[in-house]
Amino acid sequence: MTENNRVYNVLIVGVGGQGIILASDVLGRVAAAHGYDVKKNEIHGMAQRGGSVSSHVRFGKAVYSPIIKVGEADVLLSFEQIETLRYFPFLSEKGKVIVNDQKILPPAVFTGKQEYPADILTRIKDKVSDAVVVNGDEVAKNVGNPRVVNVIFLGVLSKYLDIPVDVWESVLKESLKPKLVDVNLKAFHEGRALAAV
Amino acid sequence: MKELMSGNEGIARGAYEYGVRLASAYPGTPSTEILEYVGARYPEIKAGWAPNEKVALEVAAGAAYGGARAMASMKHVGLNVAADPFMTLSYTGVNGGLVIVVCDDPEMHSSQNEQDTRNFAKFGKVPCLEPSDSQEAKDMVGAALQISEDFDTPVILRSSTRVSHSMSLVEVNERVHGSKELGLKKDPMKFVMLPAMARRRHPVVEQRLKDVAAFAETFPFNRVIMGDESLGIIASGVAFQYAREALPSASFLKLGMVWPLPEKLIRDFASRVKRLVIIEELDPFIEEAVRLMGIKVEGKELTGMCGELSPEKVEKILTGSTKSKSIGAIDMELPLRPPNMCPGCPHRATFTALKKNKVYVAGDIGCYTLGALPPLGMLDNCLCMGAGIGIASGLDRSLGELARGKAVAVIGDSTFFHSGMTPLLELAYNGGSTTVVIMDNRTTAMTGAQPHPGTGATLRGDATVTADIEKLAEAFGFKRIRIVNPYNVKDTERVINEELQAPEPSVVIVRAPCALLKTGRILPDRPLTIDADTCKGCKSCINTGCPALEFVKIEEPAEGDKRKGYSKINQSLCVGCRTCQEVCKFDTIKEAL
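Line order of the protein sequences matches chains A and B.
Its first residue numbered 117, the first sequence is counted upward by one per residue in the working numbering.
Its first residue numbered 207, the second sequence is counted upward by one per residue in the working numbering.
Read the hints as simulated data drawn from the structure, not as lab findings.
Check the hints yourself; a few may be wrong.
[Stated by the list, open to error] Restraint ranges, calculated between C-beta atoms of paired labels, are given here:
no.	chain 1	residue 1	chain 2	residue 2	range
1	B	M432	A	E231	51 to 61 angstroms
2	A	K241	B	G726	41 to 51 angstroms
3	B	S385	A	S286	37 to 47 angstroms
4	A	R263	B	K759	28 to 38 angstroms
5	B	A420	A	L296	36 to 46 angstroms
Glycine residues also receive a C-beta, built at the ideal position from the N, C-alpha and C atoms.
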């Protein structure tokens with residue numbers, strides 16, 4: 117679905133520690149390996165201590181800004197329910213949403229001062245009827261390693277991007293320690309199978 | 207071959223390719239990774255962490271004096287610490303090329319202010335280059351070193367969070383060497399800044415700035431991209447990328463050197479466009495210079511002084527609207543997700559002990575600054591690196607009985623070595639009754655666990671001497687020095703209380719390695735559990751703010767159960783630090799089986 121001269125925008129969001137930076141690194145390298153110009157940005161630092169994290173990945177023939185304009189994300193890939201909503205306005209009206217069905221409680225919630233908002237997934241589906249919701253932890257358990265959630269979601273994402281699967285596979289192989297390659301490739305293909313296209 | 211690199215990786219690669227022989231830095235977001243990459247990838251470069259940015263710049267200056275190419279890197283506020291050598295380095299000039307990389311943080315993603323380093327370039331009469339992506343970040347290290355050698359001046363390479371932490375494609379090349387002869391060169395008229403010599407150097411500096419300004423007219427990183435002549439935009443850094451994204455058809459003067467400015471190039475560009483707008487973050491630095499040239503220009507009335515720009519802000523500034531069609535917000539109240547101390551963090555234990563003592567806390571900069579946030583809410587001020595001890599001393603000696611026994615300073619180990627030693631010396635020297643709590647977690651945690659002089663390891667992981675905090679305090683003249691394990695919360699509380707009552711200054715070292723460190727680990731990594739039936743729901747444990755704890759509300763209480771809820775431990779997050787167990791009055795927290 118990538119047209120000529122068109123810049124593709126993927127916004128990956130979640131909570132510090134969920135492997136978001138690694139996932140966006142892989143996506144950036146996949147796009148570069150496929151011959152695209154690539155820019156990518158994320159905020160490190162304070163966000164690493166369990167804070168909200170977002171990573172912008174942009175690729176196309178020529179990319180200028182390293183951050184996505186509000187309303188221009190083609191895909192919003194979110195690893196946590198609340199974080200999906202926090203970055204929702206970045207999504208274009210024609211954009212896709214991929215959500216990890218996971219709740220990580222923010223301080224005001226785990227200390228009992230505020231409630232975790234109910235019905236987030238329903239509200240997302242009201243806006244984007246083809247939103248893909250995957251329970252990453254459950255799929256990872258079936259794959260046999262709880263730490264492959266981010267790669268499962270890269271698999272889902274790969275179905276929405278016009279980049280051949282062998283490019284993904286070779287970049288994954290290059291990016292991972294040899295003993296982790298097999299389980300991650302399995303996770304990637306599990307994810308691809310879960311995509312609704 | 208092109209590689210995907212962050213701006214910081216590009217700068218490190220540039221140091222390698224353009225023959226840097228020595229690199230020095232103190233960690234600080236968003237600059238930290240520059241020296242980390244140099245350390246990890248380029249053994250050809252002598253590299254090491256300095257205790258602070260002033261020392262980093264002086265070490266780099268020494269290398270440059272000897273003819274070597276050198277780099278010092280730091281965050282924007284680091285240049286404040288290094289301002290003393292910086293201002294006079296401008297007078298001595300260099301010999302081998304010296305690039306000072308300074309990373310600004312518009313929007314203050316990880317900083318206490320958003321000062322604009324370009325002002326320092328003007329203040330110090332030093333050239334300043336500003337890259338817009340990782341390729342330029344790498345290339346401009348080379349340009350900076352060449353300018354430094356050709357014009358005998360240090361050069362600032364100004365990055366920003368969005369350039370340092372964005373990735374883009376970079377063409378890599380082989381390493382080249384600097385053009386200067388290495389050796390100990392005696393030249394007191396140039397390098398000894400006694401008044402008589404400095405008086406001769408100042409006119410040299412003024413002339414040098416004029417020469418660099420003339421050079422800037424044809425400097426290849428200052429370039430004109432002519433498009434639609436109805437709008438001309440002058441921009442640099444990431445702001446240039448935002449402007450080009452928003453209005454690719456406009457005409458641009460893209461400045462790679464932001465000080466000194468190329469007046470002829472600017473005048474010529476201004477004469478070719480109908481409307482001239484300057485898109486720059488923070489201060490009206492380019493704008494004021496252009497206005498002084500008598501050129502009509504729009505700038506800060508559109509872009510504002512505070513925070514960072516973004517592609518959508520720049521689009522609205524330039525066109526009055528946006529072409530993007532957002533799906534819009536889903537209208538729900540979302541709980542904030544601020545950063546928090548990790549499960550098992552020794553600082554949480556220390557703050558819990560301090561909270562029991564109900565003290566005023568003069569804070570400092572590090573992970574423990576997060577102790578200011580709820581539910582701990584324990585920091586009462588935080589000014590800059592190393593400030594807490596001096597502030598506590600000033601409060602204690604000026605307020606007398608109003609502060610005596612009621613205020614402490616807290617400071618981390620890395621921050622102590624950075625700029626806490628001299629205020630500690632002041633405290634010993636001038637007396638009073640201040641208690642200083644040094645939270646020694648054996649690393650520079652906030653920036654990602656860099657070693658420092660107290661850790662016994664270097665940048666590259668080699669073993670080295672270990673600076674000893676208690677011996678330093680003793681040498682400064684402290685009579686009362688205590689060392690405690692913060693996880694023994696009750697002990698820590700008692701020791702701090704004893705020192706608060708003492709009529710003389712004291713140092714309490716609370717020592718436990720950062721919970722994320724793999725070496726020297728004292729945490730058992732065995733999770734705890736709470737008995738839901740005997741938990742009284744008093745929230746003592748919850749109020750430590752540990753992310754491994756959760757307060758579970760009781761929606762339909764059983765008969766006679768007056769609790770609103772009870773505490774629960776998330777076993778996958780708990781590392782068994784026992785801070786919650788230490789504050790529990792009802793003995794309901796046990797090791798999980």
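(message) Within 37 to 47 angstroms: is that where the Cβ-Cβ distance between S385(B) and S286(A) falls?
(response) 42 angstroms, holds
(message) Verify the CB-CB distance for A420(B) and L296(A) against the hinted window 36 to 46 angstroms.
(response) 56 angstroms, violated
(request) Kindly confirm whether 28 to 38 angstroms is satisfied by the beta carbon distance between R263(A) and K759(B). (result) The hint (28 to 38 angstroms, Cβ to Cβ) holds, given that R263(A) and K759(B) are roughly 31 angstroms apart.
(message) Please check whether M432(B) and E231(A) have a Cβ separation lying inside 51 to 61 angstroms.
(response) Holds - the Cβ-Cβ distance for M432(B) and E231(A), about 57 angstroms, lies within 51 to 61 angstroms.
(message) I want to verify a distance hint. Is the separation of the beta carbons of K241(A) and G726(B) within 41 to 51 angstroms?
(response) Since K241(A) and G726(B) have Cβ atoms about 49 angstroms apart, the given range 41 to 51 angstroms holds.
Checked against the numbered hints listed earlier, the structure breaks hint 5 alone; every other hint is satisfied.
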